[in-house]
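*Asks:* Listed below are the residues making up each chain.
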Amino acid sequence: DAGVIQSPRHEVTEMGQEVTLRCKPISGHDYLFWYRQTMMRGLELLIYFNNNVPIDDSGMPEDRFSAKMPNASFSTLKIQPSEPRDSAVYFCASSRTSGRNEQFFGPGTRLTVL
Amino acid sequence: GNSVTQMEGPVTLSEEAFLTINCTYTATGYPSLFWYVQYPGEGLQLLLKATKADDKGSNKGFEATYRKETTSFHLEKGSVQVSDSAVYFCALSETAGNEKLTFGTGTRLTIIP
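Just so you know, the protein sequences line up as chains A and B, in that order.
Numbers 41 to 154, taken from the numbering used here, label the letters of the first sequence in order.
Numbers 9 to 121, taken from the numbering used here, label the letters of the second sequence in order.
FYI, nobody ran anything at the bench for these hints, they're computed from the structure.
Glycine residues also receive a C-beta, built at the ideal position from the N, C-alpha and C atoms.
Some clues are possibly wrong.
Stated by the list, open to error - Pulled from the structure, derived: some chain A residues nowhere near chain B, Cβ distances all over 12 Å:
#: 1; residue: Thr53
#: 2; residue: Arg62
#: 3; residue: Gly82
#: 4; residue: Glu102
#: 5; residue: Ala107
#: 6; residue: Lys108
#: 7; residue: Pro110
#: 8; residue: Asn111
#: 9; residue: Ala112
#: 10; residue: Phe114
#: 11; residue: Lys118
#: 12; residue: Thr152
What the hints assert, rightly or not - Pairs of lysine-lysine, PhoX-like flavour, derived with a Cα cap of 25 Å:
#: 13; chain 1: B; residue 1: Lys64; chain 2: A; residue 2: Lys108
#: 14; chain 1: A; residue 1: Lys118; chain 2: B; residue 2: Lys108
#: 15; chain 1: B; residue 1: Lys108; chain 2: A; residue 2: Lys64
#: 16; chain 1: B; residue 1: Lys64; chain 2: B; residue 2: Lys108
#: 17; chain 1: B; residue 1: Lys85; chain 2: B; residue 2: Lys60
#: 18; chain 1: A; residue 1: Lys108; chain 2: A; residue 2: Lys64
#: 19; chain 1: B; residue 1: Lys76; chain 2: B; residue 2: Lys60
#: 20; chain 1: B; residue 1: Lys68; chain 2: B; residue 2: Lys85
#: 21; chain 1: A; residue 1: Lys118; chain 2: A; residue 2: Lys108
Unchecked claim - Computed spacing ranges between beta-carbons, pair by pair:
#: 22; chain 1: A; residue 1: Ala42; chain 2: B; residue 2: Ser66; range: 26 to 32 Å
#: 23; chain 1: B; residue 1: Asp63; chain 2: A; residue 2: Asp96; range: 23 to 29 Å
#: 24; chain 1: A; residue 1: Pro48; chain 2: B; residue 2: Lys76; range: 39 to 45 Å
#: 25; chain 1: A; residue 1: Asp97; chain 2: B; residue 2: Asn30; range: 31 to 37 Å
#: 26; chain 1: A; residue 1: Ile95; chain 2: B; residue 2: Ser91; range: 32 to 38 Å
#: 27; chain 1: A; residue 1: Thr152; chain 2: B; residue 2: Lys60; range: 29 to 35 Å
#: 28; chain 1: A; residue 1: Gly68; chain 2: B; residue 2: Asn67; range: 22 to 28 Å
#: 29; chain 1: A; residue 1: Ser47; chain 2: B; residue 2: Asp62; range: 41 to 47 Å
For reference, chain A alone in the conformation it holds in the complex (with noise of 0.2 Å):
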């Protein structure tokens, strides 16, 4: 089975620029969760999906950070405007209700924002 698929791996834009990642999560699992990795901060979670609706989005850093799930296959996290200190690596994971708690994670999004 494929793994959670994010694209595109790496993104350099200019600040100012809207930039927007894709994931698609593992077929069956009905979270979704996207997080944010940087050396300063850690791993910070931003939104978690429970079956397409948005459960929390408190991590979410302002408003010029948004993310939709439109159906069970895909989500999206957009930035709009971009700023320098967006720069990190965004993480999209994916896990099945049972009691496990299992989070699998995708390869991730290395974003540059010059």
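For chain A, the structure is supplied; the task is to place chain B on it using the hints.
*Replies:* Chain B alone, transformed into the frame defined by chain A:
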């Protein structure tokens, strides 16, 4: 609220040395406990877990025991290899039926030959 505290890194060891990475937690209820590992350039992956007190999780020579009395879940390995170089994250589950995890800050481990 729930929280996880890991020992500060980085940790550097020689090959075949004994490894301990400390992890303590604060939680309400009875969380499950996890160790995730992140190899360079990759996402996190589950290394081992324990779901109740005194359970021992093990995988790839790594072990951790769920100690409720000390609220700890320390990661150990008897003889590390260069291939174990990675960042290790301790984590706990939030509540039953909720798949959200609370992660520690991570401990970077480097093994030198």
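*Asks:* Taking the shortest Cβ-to-Cβ distance between A:Lys118 and chain B, state whether it exceeds 12 Å.
*Replies:* 20 Å, holds
*Asks:* Does A:Arg62 sit more than 12 Å from chain B, CB to CB?
*Replies:* 15 Å, holds
*Asks:* Does the alpha-carbon distance linking B:Lys64 and B:Lys108 stay inside the 25 Å limit?
*Replies:* Cα-Cα ~22 Å, so holds.
*Asks:* For the pair supplied as a hint, A:Lys108 and A:Lys64, confirm whether the alpha-carbon distance does not exceed 25 Å.
*Replies:* 12 Å, holds
*Asks:* Are all C-beta atoms of chain B more than 12 Å from that of A:Asn111?
*Replies:* Holds, since 19 Å exceeds 12 Å.
*Asks:* Please settle this one: A:Ala112 was flagged as non-interface, so is its CB more than 12 Å from every CB on chain B?
*Replies:* Holds: least Cβ distance 15 Å, greater than 12 Å.
*Asks:* Indicate whether the distance between the beta carbons of B:Asp63 and A:Asp96 respects the range 23 to 29 Å.
*Replies:* 28 Å, holds
*Asks:* For the hint 31 to 37 Å, verify it against the beta carbon of A:Asp97 and that of B:Asn30.
*Replies:* 32 Å, holds
*Asks:* For B:Lys68 and B:Lys85, compute the direct alpha-carbon distance and say whether it is at most 25 Å.
*Replies:* Holds, at roughly 9 Å.
*Asks:* Please test the hint of 41 to 47 Å on the beta carbon pair from A:Ser47 and B:Asp62.
*Replies:* 43 Å, holds
*Asks:* Looking at A:Pro110 again, its CB stays over 12 Å from all of chain B?
*Replies:* 20 Å, holds
*Asks:* Would the hint linking A:Lys118 and B:Lys108 be met if the CA-CA limit is 25 Å?
*Replies:* Holds, at roughly 22 Å.
Checked against the numbered hints given earlier, this structure breaks hints 3, 13 and 27; the rest are met.
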